[in-house]
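Q: Numbered by our numbering, the letters in the sequence shown go through residues 14 to 292 in order.
Any given hint might turn out to be false.
[Said to hold, decoys possible] The calculated label-pair distances, taken between Cβ atoms and stated as ranges, are:
id : residue 1 : residue 2 : range
1  : Gly107    : Thr136    : 51 to 57 Å
2  : Val39     : Asp184    : 57 to 63 Å
3  : Gly129    : Gly232    : 45 to 51 Å
4  : Ala44     : Leu128    : 50 to 56 Å
5  : Gly126    : Ser245    : 26 to 32 Å
In case anyone wonders, no lab produced these hints; they're calculated from the structure.
Values in this document were obtained by computation on a predicted structure and should not be read as measured data.
A virtual CB, placed ideally from N, CA and C, is assigned to each residue, including glycine.
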Amino acid sequence: MGKNERVTRTAATRAARLDQVCAAAVEVARAAITEVDPSDVGEHLQAVAEADRVVTHFFECHLDGYQGWRWAVTVTRVPRSRHVTVCEAVLLPGSDALLAPGWLPWQERLQPGDLGPGDLLLTPQDDDRLAPGYLLSDDPAVEETAWELGLGRPRVLSREGRTETAQRWYDGDHGPGAAISVAAPASARCGTCGFYLPLAGALRQSFGVCGNFYAPDDGRAVSADHGCGAHSEALAETPETPVEELPTIYDDNAVEPVSVSRASGSVESGEPAEPYGHP
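Build out the structure end to end from the sequences listed, making use of the hints.
A: This is how it looks when you write it as structure tokens:
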């Protein structure tokens with residue numbers, strides 16, 4: 014047998030008991046919804062116990078545009094009293110309510126093409142895509158102009174900014190997965206095109222600008238493995254047209270005698286042959 018000692022137990026959370034006096038105060042709760050027309054308050058749905066002697070009554074909502082919402086009125090009473098008072102009345106969405114999308118900061122809502130003429134897009138000072146221009150960079154194109162304090166641009170693309178930009182371009186309409194690139198011949202890649210202008214710096218190996226006036230990507234940054242039908246080496250080949258050879262037609266059944274004039278000194282066919290040798 015062990016020693017009889019005091020044992021400490023964690024108190025279990027007891028479910029709130031539905032107070033019958035507060036649960037019966039349906040009309041008191043309905044009368045608390047005063048900011049709308051009585052016809053906008055529908056049938057009583059349920060009464061839920063929030064705590065001891067605290068009950069919330071739910072009513073249907075008939076307001077236009079609030080399908081699936083419910084009026085919620087919370088009532089309570091003091092111990093040993095049958096007088097019910099109203100705590101609050103609110104409008105809450107139900108399980109099938111139509112809700113507006115969650116709020117997003119404007120930086121996350123902004124999409125490409127939203128910036129119009131005269132609009133200003135402020136760049137945060139702590140933007141991870143940018144780095145101070147006076148810091149040493151791993152991009153040779155940046156180091157040429159930003160190695161000395163006071164020269165070059167105040168801020169340049171950071172490694173994270175270049176990676177994000179490259180991935181966005183590569184996955185977009187000017188990468189290898191674009192519909193026009195997939196439909197182009199396998200050999201018609203921008204990296205082998207004479208109209209391809211490679212970028213400077215770290216992006217040079219993978220991206221350039223299209224300089225073909227007739228190409229749909231003219232003036233846009235494209236990946237080296239992007240492609241289209243306006244490739245510089247897509248030369249028009251002249252097809253070889255076969256010449257139809259006419260059959261040779263001749264008749265060997267009829268012989269037409271032709272007189273041939275003989276030159277001076279020639280031997281007639283009836284004369285004896287001359288001996289060979291030297292005189």
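Q: Run every hint past the structure and note whether it holds.
A: Going down the list of hints, with the structure as the test:
Distance hint check for glycine 107 and threonine 136: the Cβ-Cβ separation is about 43 Å, which falls outside the suggested range of 51 to 57 Å. At about 58 Å, the beta-carbon gap between valine 39 and aspartate 184 stays in the expected band of 57 to 63 Å. Distance hint for glycine 129 and glycine 232: a CB-CB separation of about 20 Å, inconsistent with the stated range 45 to 51 Å. Between alanine 44 and leucine 128 the CB atoms are about 53 Å apart, so this pair conforms to the stated range of 50 to 56 Å.
The given range of 26 to 32 Å is respected by glycine 126 and serine 245, whose C-beta atoms sit roughly 31 Å from each other.
Comparing the model with each numbered hint stated earlier shows that hints 1, 3 do not hold.
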